[in-house]
Structures are given as structure tokens and as C-alpha cells.
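Engineer: Chain by chain, the residues run as shown.
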Amino acid sequence: MTLHLASLSKIYLTQRAVEAFSLTLAPGETLCLLGPSGCGKSTLLNLIAGLETPDAGTISWEGQDLARVPAHRRGFSLMFQDYALFPHRNVFENVAFGLQMQGQARAEIATTVGRVLQWVKLMGFEGRDVNTLSGGEAQRVALARALAPRPRLLLLDEPLGALDRVLREELLDDLRALLRTNPDGARQTTLYVTHDQQEAFALADRIGVMRAGRLLQVATPEELYAHPTSPFVARFLGLTNFVEATPLSALAYQTPFGVIQLTASSSSAPRSPLLLIHPDAARLAGQLNPLTVRVVARSFRGSLVRLTVQPVAGPELVFDFSPQTLPNVGEQCVLYLDPERLTLVENESDPFNIANSI
Amino acid sequence: MDVRPSSQPPPPALFPKENGGAPSPAFRPLRVPTAYFLLLPGFCFLCVFYLWPLFAIFKASLTLDLLALIETMRTTSLGRVVGFTFWQATLSTLVTLLIGLPGAYVLARYRFPGRALWRALTGVPFVMPTIVVAAAFNTLLGPRGWINLGLMSWLQLAEPPLNLLNSLSAIVGAHVFYNLTLVLRVVGDYWARLDPRLENAARTLGANRWQAFQHITWPLLRPAVASAALLVFLYDFTSFGVILLLGGPQFATLETEIYRQALHFFDLRLAAILSLIQLACTLLIIGGYARLTAHLTTPLKLHRAPLRPLDHWRTRWMASLVLGGILIICVTPLLALAMRSMIQIEADAPLSITFAYYRELFLNRRDALFYAPPFTAIGNSLMVALATLGLAFALGLPTAWALAHSTSSRFTAFYETLLMSPLGTSAVTLGLGFLVAFPAAWRIAPWLLPFLHTLVALPVVVRNLLPGLRGLRPALRRAATVLGASPVQVFWLIDLPLLARAILTGGALAFAISLGEFGATALLARPEFPTLPIAIYRFLAQPGALNYGQALALSVILMLLCAVGIVAIERDSQP
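Chains as they are written, first to last, in our numbering: chain A, 1 to 358; chain B, 1 to 575.
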């Protein structure tokens with residue numbers, strides 16, 4: 001274990017920015033913290049970096065408490081949302097900064113900077129004014145600067161947030177590859193903060209979903225998507241089909257539109273369960289869980305078609321289908337829900353309130 | 001990217017500063033003849049009242065033959081005068097920076113109760129007329145000032161024990177008091193917009209606090225500090241009232257020497273030579289300043305960071321010390337002045353509160369300094385100030401309008417430089433120019449004063465109007481027009497309200513400038529038409545408690561008149 005956070009809390013005036021936050025990072029792991037803006041993600045990074053002091057709880061590295069270790073001795077690098085490149089230093093001087101602070105010799109610094117710039121594919125950029133870099137170049141300089149001093153932990157604060165969508169997709173793959181093999185060829189231990197679930201899914205070994213300073217769930221991307229433990233997490237991942245469910249037996253639940261059968265893997269029997277229906281759960285043919293619906297809306301999304309349907313009773317549901325012959329708007333049809341794509345979620349509070357608060 | 005704040009804080013509006021670049025492309029440029037037509041009145045004014053007097057000074061200096069010049073230089077010890085001018089300005093600037101920089105830091109980074117009020121209070125000295133500052137320091141340090149009064153009553157002395165006036169420390173003290181806010185605002189505002197994440201990035205890269213400051217913050221801050229320092233230096237270098245009144249006869253700077261040569265020895269030619277030297281020096285300083293402000297526009301990603309609370313006892317102590325110290329420096333002299341103007345001292349009697357000095361202003365005594373009751377000086381000053389205000393806006397509005405609407409060319413660049421130059425020209429030089437250029441100047445002085453004051457007020461008015469005019473979005477006017485507003489209604493309902501702040505700020509500053517103008521006025525003023533600062537100066541120079549008291553009473557009135565304008569400006573300026 002490397003980084004360990006134990007019941008960390010930080011209060012600003014009256015607002016709890018981070019509350020009872022506990023987390024452990026494995027060596028070489030990339031962990032993404034996912035949450036809406038204002039959920040305390042940046043505060044958490046500042047706490048870990050040592051730029052702010054927690055009001056309660058401990059931060060430790062390999063068992064050593066970091067409370068008395070100032071930011072510049074922690075050996076963590078923090079990469080900021082809009083990079084915070086030093087505007088009065090050129091690319092080389094920016095990347096060299098951390099090495100200079102370590103008191104390395106000139107020749108050694110030059111070698112390292114060269115190697116790191118090569119790693120981010122910016123050879124020949126040494127003398128460039130950082131104010132003239134494009135968004136993608138600036139991002140890679142910032143990454144090079146953060147990794148040149150070989151930090152024990154890399155903290156990334158929305159590193160793609162300032163870029164437009166196309167560039168973002170492109171850099172996402174680069175970033176993923178770079179974090180898997182850092183300049184030393186090893187996997188970089190990384191804590192990554194973002195509000196974008198695509199980013200988190202693409203980069204993370206594990207994802208932690210945050211809300212109002214609290215950690216709700218930590219899991220691998222696959223596990224998180226298949227079995228979110230709360231409606232908030234599900235909605236944040238774009239899963240919106242919820243219905244109330246009352247247990248009839250271990251694997252059968254009563255819902256507004258009839259009895260629904262589950263498989264063993266999808267039910268951990270929460271106290272007041274909500275049934276989450278994944279958007280890919282619906283089949284046009286099958287036997288289990290038939291559901292008579294009327295198509296309310298239909299929209300074409302390229303590789304899939306999204307239908308909004310109204311069951312005989314209960315809320316509207318949204319399903320994605322691969323493009324095929326599908327019923328038109330206004331038509332009735334029968335859909336079959338795949339029990340593998342159904343899961344039970346603990347209904348912590350009114351789901352519509354949660355929906356509003358996302 | 002435009003890195004300037006959208007609204008200039010008031011005192012910087014006074015400085016010569018590079019403007020915010022070309023007009024927005026959305027503007028339809030004025031047709032050339034219209035632009036020239038609108039620029040013409042201002043241009044004629046500057047030619048007659050600025051360029052021509054400067055030319056006259058130049059001509060006058062040429063008539064002096066070389067041998068006589070060398071002789072007078074030896075007798076007036078010109079080298080020492082120039083040397084002292086530089087020395088006192090350097091020393092004053094250093095002390096101002098030393099005290100101002102910690103204040104700028106606290107102002108830029110921390111949130112504290114009463115922050116806006118503190119900022120406003122520290123801005124007050126800068127807009128005070130020099131004569132008020134001189135009088136205020138007199139009430140602190142002078143033989144009849146609080147320090148000596150306190151010591152006399154404490155030690156039972158008959159004579160004031162300390163001679164604090166007529167010293168370099170009095171000069172430096174007054175200069176610091178005067179210019180502290182320049183450092184606080186120029187550096188503080190820049191510092192506030194310097195992204196604190198740069199420093200944080202340095203810290204996570206292994207730099208300790210000092211290294212982060214040394215390698216990141218300081219290099220980025222340096223141009224702002226340098227430009228603040230140069231501005232302070234310029235003001236200290238051309239300082240007149242403070243040197244004349246607090247330095248006394250043994251401390252001569254170029255500025256006071258021009259005045260002495262012109263008014264006491266009637267040697268206009270030598271005064272002209274000194275003026276040219278003064279002009280050369282100030283041009284050099286302004287050139288350096290322009291170069292630096294150009295540097296300030298390097299594409300820094302400026303970012304207004306949230307202010308931090310003072311949440312640690314150590315930062316709390318540091319901040320209280322810095323903020324309190326600066327507040328004391330900025331407030332004490334003015335408070336001392338206000339209180340001293342209401343205190344009567346009689347031999348062997350306790351201090352008593354009195355309004356006698358104020359009452360005396362309305363009496364017309366036979367043996368008085370002036371031929372009329374002193375309060376007429378208030379009327380004179382207000383009349384001149386109103387005339388200046390009218391003239392400055394009559395010339396400034398069309399000028400600013402034309403400059404804002406025309407595409408920048410070599411001519412507009414030259415015009416703007418010409419327009420701003422009087423700000424960088426020393427006051428005494430401006431006054432001397434009038435004396436030399438207009439033979440009848442002495443006789444028609446009351447009529448010339450508004451023109452003299454407008455020289456300084458006009459650039460300030462234009463400078464305040466320009467950003468507002470350039471910022472007027474044509475889309476708003478079009479929207480109003482489409483909604484049925486006539487051009488007149490558009491002007492009244494859209495343009496004017498949007499410009500109201502700029503007009504108010506420019507007007508208040510122009511008014512305050514005219515009320516407090518001393519250096520240039522001193523050369524033209526006549527005994528039967530004293531303005532407030534001239535009357536205060538005359539009273540201060542006379543012996544006797546009553547004269548001293550009247551000087552203080554008039555100073556307080558002048559202070560309050562200026563303060564009204566400042567409050568109007570500060571009310572909704574950015575914190």
C-alpha cells in the first residue's frame with residue numbers, strides 16, 4: 001500500500017468540503033475520483049499535496065504520517081487543470097524546475113529533461129515560449145514537468161478539462177499510455193480527479209465516485225457500471241432507469257409493471273431496494289420479464305438507436321438498441337428484460353431528489 | 001489576450017499608462033474628417049497651452065549666454081540640486097516599497113474584515129493636495145505640532161524640544177504617506193491576479209516557500225514592482241509642495257529651484273534651463289515606465305484567485321501588523337491636521353477646543369495677509385475648479401469619442417502621447433511656461449488658471465472615458481434601436497448610464513486636481529486672487545498662532561472638498 005487516507009475532513013467556514021474520506025491506493029495504480037463540480041475533489045488533491053491542512057483525519061505514505069511533511073518534501077506532483085505553466089520560463093526551464101529544486105547537476109538535468117520531453121513526444125520544444133503552445137502541447141509539457149522529478153505519486157486535477165472534445169479524445173489515449181509506462185518505464189501511481197465519466201472509464205484501474213465531500217463507492221470501471229450501489233452513482237454514470245421494487249422471493253421482485261426475475265449475481269438484497277435497468281437490458285425477443293410498452297420517442301445516435309418507452313404502469317424508461325428494425329413512435333410492442341442487465345440498488349432517499357441534485 | 005482589469009482603480013487613472021490597445025473591431029471607425037474635426041479643439045488647446053509654453057521655455061533658455069550660465073550654475077550649485085533631487089526621490093521610493101510590498105501581499109491574498117474600507121482609506125492620501133499633506137505633517141512634526149506639544153506638556157518645557165521639520169526624514173515621511181497607495185494598488189492588484197497555483201505547482205515540485213517566491217512569484221511580480229517604483233520615483237522627483245514646505249530653504253530640488261529662480265530672483269532664463277533639465281529627467285523616467293508597462297502585457301494567464309481567510313495565528317499577527325501599520329501611516333497625519341485645527345493653545349492654559357480659526361476665515365482684518373476675508377479663497381478655488389471641469393469635459397468628451405472610434409494610426413498614437421504629456425511634465429514647469437509664453441500672464445492670471453489646470457485634468461478625464469467608450473458594445477445600441485429607441489434616447493438610456501461611472505470618476509478627479517493644484521498655480525497666483533492652496537501656503541509661511549490656525553482650518557476645508565469626490569469614486573470601485 002502506498003497512499004492511505006483515513007477519515008480525512010476539511011471544512012471551509014461552514015461548508016464541509018471533504019468529509020470522513022478514507023481511501024487506499026495500490027502501487028502503480030491509476031485511481032480516478034469522479035464527481036460533479038464542487039464535490040470537494042480539488043480540495044482533496046490540495047490536502048494530499050500538502051497545500052492545505054486537513055481539519056481531521058490522516059494522510060500517510062507507506063505507513064508514515066504526512067501531517068508534518070510540507071508540500072515540497074512530499075515527493076508528490078500535482079498537475080493543475082489549466083496546467084499552471086510558469087509563464088516566464090520556457091519549456092525546458094519549466095520541466096527542469098523540479099529537478100533544480102532537488103539540486104541536481106546541470107548536465108544531469110539536461111539529460112532528464114531531454115528524456116522526459118521525448119517521452120511526451122515534444123523533442124525540440126526546449127526553447128519554446130510556453131505562452132505560444134497549443135492546448136495539447138501545454139498539457140504534455142505540464143505532464144512532463146510533473147513527472148520529471150520522479151514523483152512517488154502523481155496527482156492530476158482535471159487535466160483534460162480545458163481542452164475541446166476532439167483533442168480530449170485524442171489525448172485521453174496518449175495519457176493512458178503515458179501513465180502505464182512513465183519515463184522510467186514503470187506504471188505511475190496516479191490519483192486522477194475528473195467530472196467526466198468517459199475520462200474516468202478510459203483511464204482508471206479503479207474509480208471512486210464522490211458526492212459532497214464523501215466517497216460513495218470505489219470499484220473497477222466494469223464493476224461500477226454493472227453494479228452501482230446507489231442511485232446517485234448510477235445516475236452519474238448515465239443510468240436513469242429506476243423503478244421501486246418489493247421482494248417477493250430471493251430472485252423475484254414486484255414492480256409497477258409486474259414481477260421481475262433476477263439472477264443471483266444481480267441481487268445483494270438491499271433493505272429498501274430500487275431496481276436499476278441498464279439501457280442495454282431490453283431485447284425484442286425472449287421469454288423472461290416481458291414488458292408491454294408504447295414508444296414515446298426515438299433518436300438515432302450513430303452506432304445505436306435510443307428509444308424512450310412508456311410501460312403500462314410506472315415511469316418512462318430509456319433503452320439503447322443496435323440499429324435494426326425497431327417499432328416507430330406511437331407503436332406498442334413487448335420488450336424482454338435480460339436479468340443479467342438488472343441490478344438492485346439501495347434506495348438511500350427519494351431518487352427524484354437525487355436526480356435533481358446531480 | 002487582454003490582461004487589464006476592466007475597471008481601473010481610481011488612482012491609477014491618474015497615471016500615464018499605455019492604453020488597452022486598438023478599439024474593438026466591432027466598432028465602425030469614424031470617417032476621417034469627422035475624427036479630425038472632433039480632435040481639433042483638444043489639439044488647438046494643447047498647442048496653445050502646452051506646446052507653445054514649452055517652446056517659449058526652450059527659447060528663453062537659448063538667450064542665456066554660456067559664460068553667464070556656467071557662472072550661475074556655480075552659484076546655484078546646480079550639481080548639488082540635481083543630486084539631491086535624485087537622492088531624496090530614491091530614498092523615498094525605497095522606503096515606500098519597503099512598507100508597501102508587505103501590504104500589497106496581504107491585500108492581494110487575504111480576506112479580512114473591513115478590507116474595502118481599508119483599501120479606500122489607504123487611497124485617501126494620494127488624492128490629497130500636496131499643500132494639505134504638508135500642513136498635515138506640520139501638525140505632526142512642526143514646532144506647534146502634536147509631537148512637540150506632547151513633549152512640552154510632558155517634560156514641562158517652554159520651547160518645542162525637537163526640530164523635525166526642515167529635514168530629510170520629514171520629506172521622506174510625507175512622500176511615503178503620499179505614494180504608499182501606488183505600491184499597494186499597482187503591485188497589489190497585479191499580485192491578486194497572479195495565479196496562486198503557479199506557486200502551488202512550484203511547491204509540489206519541491207520548492208519551499210522561499211524558493212517558490214524567489215523563482216516564480218518574484219520574477220512574475222518584478223515588472224509590476226518596477227513600474228510602481230518608477231511611478232513613485234516620478235512623483236517624488238517632481239514633488240514640489242512637500243519639499244518647499246517640509247524641507248525648508250536648505251533642501252532644494254530642481255522643482256523648488258525653478259520656483260525660487262522665477263519668483264524670488266525673477267531669473268526666468270535660469271528657471272527655463274532648470275525646467276529643461278527637469279523635463280529631460282522626467283522624460284527618461286516616463287520612457288522607462290512605458291517600456292515596463294509594455295512588459296506587463298506579456299501573455300500572463302491572469303486569474304483572480306479566491307482570497308484566503310486569515311485562519312492561522314501567525315498569518316493573523318503578520319497581517320494585523322502590516323495592515324495596522326499602513327493604516328496608521330495613512331490616517332494619522334490627516335487626523336492630526338483635523339484635530340489640530342480645532343485646538344487652541346494659550347500660555348499656561350490647558351488645550352481647549354475652539355472654532356476660532358474657522359471663524360477667523362470670515363473676518364476681514366486690516367492687517368490680514370489678503371485684501372479680502374480668507375474664505376474668498378474657497379470661492380476662488382471652487383470657481384476655478386468648476387471652470388476647469390467644464391473645460392476639461394468640453395474638450396475631453398469629443399477627444400475621447402474620436403479616439404475611441406477611430407482606428408489607431410500613427411496620428412492617434414502621437415495625439416494620445418501629446419495628450420498625456422502634461423501629466424508627466426512637472427507642475428512648476430507648466431506654470432513657468434505660462435509665465436514665459438504669455439507676457440500678460442501675470443495680469444490675467446485668474447482667467448488663465450482654469451486653462452492651466454485643464455492641462456492636467458484633460459488627460460485624466462480622457463483616460464477615464466476611453467475604456468468606457470471603447471467598451472460600449474454596439475450590439476446594445478442596436479438592440480435598443482430595434483426596440484424603438486431614437487438615437488437621442490439611445491444616448492440617454494444606454495450610452496450615458498454605461499459611461500456614468502467613467503464620467504463621475506474623471507469629473508471627481510479633475511475637480512480634485514484643480515482644487516489642490518499648487519505647483520503650477522504658485523507661479524501665477526496673485527495676492528488678490530488666492531486659491532485655497534496658495535492661501536494655505538501664505539498662512540503657513542507667516543508667524544503667529546492665528547495664521548497657523550487659519551492655514552490648518554483652510555487645509556481641513558480643502559481636504560473635505562477633495563474627500564467628497566474621492567468617496568464618490570471609491571464607493572463602488574472594485575475591492
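Think of the hints as simulated: they come from the structure by calculation, not from any bench.
Some hints here could point you the wrong way.
As the list claims (entries may be wrong) - To give an idea of the interface, some chain B residues facing chain A are shown, with a C-beta separation under 7 Å as derived from the structure:
no.	residue
1	P196
2	L198
3	R203
4	L205
Small disclaimer: the values here were computed from a predicted structure and weren't measured.
We treat Cβ as the ideally placed atom computed from N, Cα and C, and that holds for glycine.
Engineer: Minimum Cβ distance from L198/B to chain A below 7 Å?
Structural biologist: Holds - the Cβ of L198/B comes within 7 Å of chain A, reaching about 5 Å at its closest.
Engineer: Does L205/B hold up as a contact with chain A if the rule is Cβ-Cβ below 7 Å?
Structural biologist: Holds. Min distance 4 Å.
Engineer: Would you settle whether the hint for P196/B is holds or violated, based on the nearest Cβ-Cβ distance to chain A being less than 7 Å?
Structural biologist: 9 Å, violated
Engineer: Taking the least C-beta to C-beta distance, is R203/B closer than 7 Å to chain A?
Structural biologist: With a closest approach of 4 Å, the R203/B hint holds.
Checked against the numbered hints given earlier, the structure breaks only hint 1 and satisfies all the rest.
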